[in-house]
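Engineer: Here's the letter readout for the chains.
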Amino acid sequence: MSKQTAAPPSAAKAEEQQSSTGAGVMDAPPDVNPQQLKKERDEAKERQKDRLSGLDKDQLIELYRQMLLIRRFEEKSAEVYVAGKIGGFCHLYIGQEAVGVGTISAIRRDDYVLASYREHGLALAKGMSARAIMAELFGKATGCSKGKGGSMHMFDKSLGFLGGHAIVGGQIPLATGTAFATKYQGTDQVTLCYFGEAAVNQGAFHESLNMAQLWKLPCIYICENNQYGMGTSLARAMSLQNIAQKACAYNMASEFVDGMDVLAVREATLRAVERARKEYLPTLLEIRTYRFMGHSMSDPGNYRTRAEIEKYQERDPIKLFSASLLEEKIVDQKTLDEIDRKIKEEVEDSLRFADESPLPDPSELYTDVYANPIEPGRK
Amino acid sequence: MAIITIREALNQALREELARDEKVFLMGEEVAEYDGAYKVTKGLLHEFGSKRVIDTPITELGFAGLGVGAAMAGLRPVIEFMTFNFSILATDQIINSAAKMLYMSGGQFNIPIVFRGPSGSAYQVSSQHSQAIESWYAYFPGLKVVMPSTPADAKGLLKSAIRDDDPVIFMEQERMYGQKGEVPDDPDFTIPLGVADVKREGTDVTIVARSLTVPLALKAAEQLQEQGVSCEVIDPRTIRPLDIDTIITSVKKTNRVVIAEESHPICGVGAEISAQLMERAFDYLDAPVKRVSGVDVPMPYAKNLENLAIPDVNRIVAAVREVAYLD
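Top line first, the protein sequences correspond to chains G and Y.
Each residue of the first sequence is one higher than the last, beginning at 1 in the numbering used here.
Each residue of the second sequence is one higher than the last, beginning at 1001 in the numbering used here.
Calculated directly from the structure, the hints in this document are not laboratory data.
Be a bit skeptical, because a hint or two may be false.
[Said to hold, decoys possible] In silico lysine-lysine, DSSO-like type, Cα no more than 30 Å apart, as pairs:
no.: 1; chain 1: Y; residue 1: 1051; chain 2: G; residue 2: 183
no.: 2; chain 1: Y; residue 1: 1303; chain 2: G; residue 2: 183
no.: 3; chain 1: G; residue 1: 319; chain 2: G; residue 2: 342
[Said to hold, decoys possible] DEER-style ranges, computed between Cβ atoms:
no.: 4; chain 1: G; residue 1: 349; chain 2: Y; residue 2: 1278; range: 32 to 42 Å
no.: 5; chain 1: G; residue 1: 372; chain 2: Y; residue 2: 1298; range: 35 to 45 Å
no.: 6; chain 1: G; residue 1: 251; chain 2: Y; residue 2: 1312; range: 19 to 29 Å
no.: 7; chain 1: Y; residue 1: 1275; chain 2: G; residue 2: 88; range: 24 to 34 Å
no.: 8; chain 1: G; residue 1: 88; chain 2: Y; residue 2: 1298; range: 50 to 60 Å
no.: 9; chain 1: G; residue 1: 110; chain 2: Y; residue 2: 1282; range: 49 to 59 Å
Since the structure is predicted, the reported quantities are computational estimates derived from the model, not experimental observations.
Ideal Cβ placement from N, Cα and C applies to all residues, glycine included.
Same shape as in the complex, but just chain G (with noise of 0.2 Å):
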């Protein structure tokens, strides 16, 4: 790991945890005594207390709203397509949004995100409305791909969001050619290209970690490690768990980083912009998160427990942020229960707003197919 860039303590530590026991960041080693794990559990508080007093209040209570705002988008995404409201498959980003919202708060609104079909919350924390999305995944046309792309694709050319890609890794490859033109157009735009775990064992993993170091290209690929690929855990899909040393057979730097602590996950992503932007260099950052609800709306849910799902759910990261907001003083509970409430009635306007748009107009099946149609014997 002789590029491995300088990894917080937390990282560290959380790294050799996964060696040792091959369980989540959020686990306690079997063999830690108590009077250990409160000493780490003390340091942890001080740091993250530092982290908090690098950003001021604005910029702090934004982050927890954005957040905030997944998860209430998220759950209502999940309640109306129960009542079959959306059609298709809904992948859901409950437990991910400190990744989302922690990666995107450390970039521009001119660099370029790519990512997965799990990408509601990444398409809201790029800036795109609740609004477009939820008309989108209504499949109405004012939603944020016209209603043809739906839950799995959603675009926004003017925030820099590409898309929403539903092959798995298919958006390895697509990011590493705009990390290339942004480095062909000598501009200084960066790419954060999302995926999750399971992708790592596809092909286009490798072949564009290759070529991006070979190249030296602007891209920051975030694995969103939530532990498992569809119902398949990772210690059944992976002979090496440890994603982060991946990077090492590309000469790559990269970081793993706790994806339930959004500063945390800021700090890293931030390290990774700088390197990227001033020297066109990639990075892969495993982000270690969970996500609490199934791979898809879908899912049965049988190849985990009950007890494994709360033992996450006891490190929500909303959960985690705001307490350590009311801890510092930095808010009181009077403020957030404001913000909830202001992010309901968002989420329930973008309901209004999906419900009452109208459907494509029948002859948008043929539009769009290609930008220069041509009239076959044209002359």
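Chain G is fixed; fit chain Y onto it per the hints.
Structural biologist: For chain Y alone, kept in the frame of chain G given last:
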């Protein structure tokens, strides 16, 4: 008018388009320092530098997808497959990304990219290196598929493909790179996509041929002329969108059709043309449409077997005589 080979015509098209538009870049295996496995990209690295003419690792899925991503961010990539046999590794990015991006983004992201390289049979390279897979790509809405058969078509169509705002699959033929023909000198010479060309006019039978079978069909037509049969040879040049109107106009005159192709017959382009003629020109047909296709087996290595697997002049002549009820 200069007389040059298809290889040189393609090289000119690439050179002119690289010079014309800074957004155009060329990427693929051995395209730069090696001058191209088939020398189509000869001299381009020297002229345009390593920023714009880029050797890749052997990583077809990766660099095809990189090209699509670069196109999303405003560039106009020309991605060379050393042969289209290797594009099979990249089909996810060509089909799932390039072909569908404009549609599933609701019109926001068009993909101006060319995937080009040799396709079809080469000489004695056996099953994995000798296959015509144009019908795969022609199947997908969102892609355009081009197959030139002369140096002028190769140059004019490649320039149009690079300037086009959609993904274009540009299939050259390995056996035809050395074929010579007249090419206009005008640097702005282009041929529009989607327009068939009547390569020879005739009145008795229409032969629809593409790529490798065009010169074979023209030779067959000469022999048949001596036998008193006048053949019209039509080269669609673009497989998707297909200029069926030009074919139908010819069928209305000749009432008989032979389709010559080196690809397998099942679910092929010939099958599609035949179906469209049934739907749109049935009343003008005096005989069933006849296909002369590659034999329905993987390509063998042995020279004699290989010759048997690919359409030749004799098979086309026999097919024409059959639809003309001469035998």
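Engineer: Determine for every hint whether it applies to the structure shown.
Structural biologist: A quick look at each hint next to the structure:
1. 1051(Y) - 183(G): Cα-Cα ~10 Å, so holds.
2. 1303(Y) - 183(G): Violated - the C-alpha atoms of residue 183(G) and residue 1303(Y) are around 49 Å apart, more than 30 Å.
3. 319(G) - 342(G): Status holds; Cα separation ~18 Å.
4. 349(G) - 1278(Y): 32 to 42 Å: With Cβ atoms ~54 Å apart, the hint is violated.
5. 372(G) - 1298(Y): 35 to 45 Å: Hint holds: Cβ distance 37 Å, inside 35 to 45 Å.
6. 251(G) - 1312(Y): 19 to 29 Å: At 53 Å between Cβs, range violated.
7. 1275(Y) - 88(G): 24 to 34 Å: 32 Å, holds
8. 88(G) - 1298(Y): 50 to 60 Å: Violated - the Cβ-Cβ distance for residue 88(G) and residue 1298(Y), about 38 Å, lies outside 50 to 60 Å.
9. 110(G) - 1282(Y): 49 to 59 Å: Given about 57 Å between the Cβ atoms, the range holds.
The structure fails to meet hints 2, 4, 6 and 8 from the earlier list, while all remaining hints are met.
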